[in-house]
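Participant: In case you want the letters, here they are:
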Amino acid sequence: DAGVTQSPTHLIKTRGQQVTLRCSPISGHKSVSWYQQVLGQGPQFIFQYYEKEERGRGNFPDRFSARQFPNYSSELNVNALLLGDSALYLCASSLEAATSGANVLTFGAGSRLTVL
Amino acid sequence: AQKVTQAQTEISVVEKEDVTLDCVYETRDTTYYLFWYKQPPSGELVFLIRRNSFDEQNEISGRYSWNFQKSTSSFNFTITASQVVDSAVYFCALGGYQKVTFGTGTKLQVIP
Numbered sequence: 001d002a003g004v005t006q007s008p009t010h011l012i013k014t015r016g017q018q019v020t021l022r023c024s025p026i027s028g029h030k031s032v033s034w035y036q037q038v039l040g041q042g043p044q045f046i047f048q049y050y051e052k053e054e055r056g057r058g059n060f061p062d063r064f065s066a067r068q069f070p071n072y073s074s075e076l077n078v079n080a081l082l083l084g085d086s087a088l089y090l091c092a093s094s095l096e097a098a099t100s101g102a103n104v105l106t107f108g109a110g111s112r113l114t115v116l
Numbered sequence: 001a002q003k004v005t006q007a008q009t010e011i012s013v014v015e016k017e018d019v020t021l022d023c024v025y026e027t028r029d030t031t032y033y034l035f036w037y038k039q040p041p042s043g044e045l046v047f048l049i050r051r052n053s054f055d056e057q058n059e060i061s062g063r064y065s066w067n068f069q070k071s072t073s074s075f076n077f078t079i080t081a082s083q084v085v086d087s088a089v090y091f092c093a094l095g096g097y098q099k100v101t102f103g104t105g106t107k108l109q110v111i112p
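From first to last, the protein sequence lines are chains A and B.
Numbering (the numbering used here) for the first sequence: 1 to 116.
Numbering (the numbering used here) for the second sequence: 1 to 112.
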């Protein structure tokens, strides 16, 4: 069975541009979460979606948005990129229901974004 | 606010030594969850264990064991007879309402 897949794996953008990252959860998983991992730090929670509804949001500016599609895949959008947005963006899916803090997460390999 | 502290930034051990990774957490929630994840050099975080706040029983899984002490807000992780394949960054995480908070990680290097 395929794990959590993310695309693209690497990308380079310039300041002010916009980026869209994509995630396909494990088959049967209805919950998708997004995390930002800056080099040398732990992952930081950005969003959680369950059954296409936002169930949790971390402390990130409105430049960050996400959505979940009927097939449970998800996109993370970041507008007006800043240098500080350079990071590994991780998607995680979960079989469990909505309470995001309890979920066992299965992570993808991430999308590494570099902002120049 | 939730907080997870992993004071050990990097640890090096010789193969077959035992090693303990420390984790201290802060939360005001009465119900919460504690996790350990492993991030090997390939980058993909791998789930190791989850405990809820009402279950303080220690757990052993092969060479891995976990010591949850609510009185000291700690959830430490011990690897017995370490192996080179254990080399990775290990993250402790705290799950509360709607979010999971990760620590900054401990990089473990097991030297052959």
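Worth flagging that the hints you see were computed from the coordinates, not collected in a lab.
Among these hints, one or two may not hold up.
[Stated by the list, open to error] Here are the simulated DSS-like cross-link-like pairs (lysine-lysine), alpha carbons at most 30 Å apart as the crow flies:
{"no.": "1", "chain 1": "B", "residue 1": "K38", "chain 2": "B", "residue 2": "K3"}
{"no.": "2", "chain 1": "B", "residue 1": "K70", "chain 2": "B", "residue 2": "K38"}
{"no.": "3", "chain 1": "B", "residue 1": "K3", "chain 2": "B", "residue 2": "K107"}
{"no.": "4", "chain 1": "A", "residue 1": "K30", "chain 2": "B", "residue 2": "K16"}
{"no.": "5", "chain 1": "B", "residue 1": "K3", "chain 2": "B", "residue 2": "K70"}
{"no.": "6", "chain 1": "A", "residue 1": "K30", "chain 2": "B", "residue 2": "K3"}
{"no.": "7", "chain 1": "B", "residue 1": "K38", "chain 2": "B", "residue 2": "K16"}
{"no.": "8", "chain 1": "A", "residue 1": "K13", "chain 2": "A", "residue 2": "K52"}
{"no.": "9", "chain 1": "B", "residue 1": "K107", "chain 2": "B", "residue 2": "K70"}
{"no.": "10", "chain 1": "B", "residue 1": "K3", "chain 2": "A", "residue 2": "K52"}
{"no.": "11", "chain 1": "A", "residue 1": "K52", "chain 2": "B", "residue 2": "K38"}
{"no.": "12", "chain 1": "B", "residue 1": "K107", "chain 2": "B", "residue 2": "K16"}
[Said to hold, decoys possible] Interface residues of chain A toward chain B, partial, derived using beta-carbon atoms under 8 Å:
{"no.": "13", "residue": "P8"}
{"no.": "14", "residue": "L39"}
{"no.": "15", "residue": "F45"}
{"no.": "16", "residue": "A102"}
{"no.": "17", "residue": "L105"}
{"no.": "18", "residue": "A109"}
{"no.": "19", "residue": "G110"}
Every residue, glycine too, gets a C-beta built ideally from N, C-alpha and C.
Participant: Each of the hints needs a verdict: does it hold here or not?
Facilitator: Okay, the hints, checked on the actual structure:
With a CA separation close to 19 Å, the supplied pair B/K38 and B/K3 stays within the 30 Å bound. Proximity of B/K70 to B/K38 is assessed by CA-CA distance (about 23 Å); at most 30 Å being required, the pair is judged to hold. For the hint pairing B/K3 with B/K107, the CA-to-CA distance comes to about 19 Å; that is within 30 Å, so the pair holds. A threshold of 30 Å between alpha carbons decides the hint, and for A/K30 with B/K16 the separation of about 41 Å lies outside it, so the pair is violated.
Annotation: proposed proximity of B/K3 to B/K70 holds, straight-line Cα distance about 15 Å (limit 30 Å). Between A/K30 and B/K3 the CA atoms are separated by roughly 27 Å; this keeps the pair inside 30 Å, and the hint holds. Among the hinted pairs, B/K38 with B/K16 is consistent with the structure: their alpha-carbon atoms are about 19 Å apart, no more than 30 Å. At roughly 28 Å between alpha-carbon atoms, A/K13 and A/K52 fall within 30 Å of each other, so this suggested pair holds.
For the suggested pair B/K107 and B/K70, the alpha carbons sit about 25 Å apart, so the restraint of at most 30 Å is met. Of the pairs offered as hints, the one joining B/K3 and A/K52 holds, with about 29 Å between alpha carbons and a cut-off of 30 Å not exceeded. For a cut-off of 30 Å, the pair hint linking A/K52 to B/K38 stands: about 29 Å separates their Cα positions. Pair hint B/K107 plus B/K16 holds up; C-alpha atoms about 17 Å apart against a cutoff of 30 Å.
Given hint, A/P8 at the interface with chain B, is violated; its Cβ is 14 Å from that chain's nearest Cβ, farther than 8 Å. Nearest Cβ of chain B to the Cβ of A/L39: about 11 Å, over the 8 Å cut. The hint is violated. Because the beta carbon of A/F45 sits about 5 Å from the nearest beta carbon in chain B, less than 8 Å, this interface hint is met. Hint status for A/A102: holds, given a least beta-carbon distance of 5 Å to chain B, under 8 Å.
Given hint, A/L105 at the interface with chain B, holds; its Cβ is 7 Å from that chain's nearest Cβ, closer than 8 Å. Hint status for A/A109: holds, given a least beta-carbon distance of 5 Å to chain B, under 8 Å. Hint status for A/G110: holds, given a least beta-carbon distance of 6 Å to chain B, under 8 Å.
Of the numbered hints given earlier, the model fails hints 4, 13 and 14; all others are met.
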